[in-house]
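**Q** What follows is the residue order along each chain.
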Amino acid sequence: GAVVSQHPSRVICKSGTSVKIECRSLDFQATTMFWYRQFPKKSLMLMATSNEGSKATYEQGVEKDKFLINHASLTLSTLTVTSAHPEDSSFYICSALLGGGAGYTFGSGTRLTVV
Amino acid sequence: GNSVTQMEGPVTLSEEAFLTINCTYTATGYPSLFWYVQYPGEGLQLLLKATKADDKGSNKGFEATYRKETTSFHLEKGSVQVSDSAVYFCALREIQGAQKLVFGQGTRLTINP
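Those protein sequence lines, which keep their order, are chains A and B. First residue of the first sequence: 16, per the working numbering; consecutive thereafter. First residue of the second sequence: 3, per the working numbering; consecutive thereafter.
Bound-form chain A, shown alone (with noise of 0.2 Å):
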């Protein structure tokens, strides 16, 4: 089935450093991922939307400026938390829109813990 490969599981950063995590779909081709943000115990807030080769389109209240997206391909697009801080802890977690209504897959999650 559509595999979606979600790299790093685990990342530990310190604050005002930036941490890149990476969506890579390996049999498929995903033209539209979804970045979502889950707080503990809170359920999964969508981020933004990207569509391969344009811009992303971030929900209300999230900083563009500080959740770069980039989906350059149709297999690899990736957020990096720019300038990190302990508030952006969170589980962030990636998923591809499958074709033809077949829904969606998920990538199994990022843990970031800014110290």
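For the record, the hints were derived by calculation from the structure and aren't laboratory data. Some hints here could point you the wrong way.
Coverage of chain A stretches by chain B, computed from C-beta distances (three or more under 8 Å per stretch; other residues unrestricted) [said to hold, decoys possible]:
| id | segment |
| --- | --- |
| 1 | 31-39 |
| 2 | 61-74 |
| 3 | 122-129 |
Glycine is no exception: its CB is placed at the ideal position from the N, C-alpha and C atoms.
Here the structure of chain A is known, so what remains is to put chain B in place on it, guided by the hints.
**A** Only chain B this time, still in chain A's reference frame:
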């Protein structure tokens, strides 16, 4: 806007117990409805779905029926197993735009032997 509300967890049951996790939604029109499951350390997996009113989704012994009268999509299983321990998310797919998924807050289920 569209929203999904599901029962607060955590839920702890004994093996072979009956399970219900409530889910209600608010949406424009009649969106498709989903249940996703997240096992420890893994991504979300589709458990079941329903695309129109009165549809029943089923998989691995789990069932949910799309009830437009009560705007609900409650998840049920007659006899749970330890391996069902996971976090369960109810979600709807928006009809317009980029077909975004809107999730409930998730319900952590623990099954004790």
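**Q** Okay, the segment 122-129 of chain A and chain B, do three or more residues pass the C-beta test at under 8 Å?
**A** holds (count 3)
**Q** Are there three or more residues in the segment 61-74 of chain A whose C-beta lies within less than 8 Å of some C-beta in chain B?
**A** The restraint on the segment 61-74 of chain A holds, since 3 of its residues have a Cβ under 8 Å from chain B and three suffice.
**Q** Can you take a look at whether the segment 31-39 of chain A is actually covered by chain B? Rule is 3+ residues, C-beta closer than 8 Å.
**A** violated (count 0)
Hint 1 alone, counting from the list given before, is not met by this structure.
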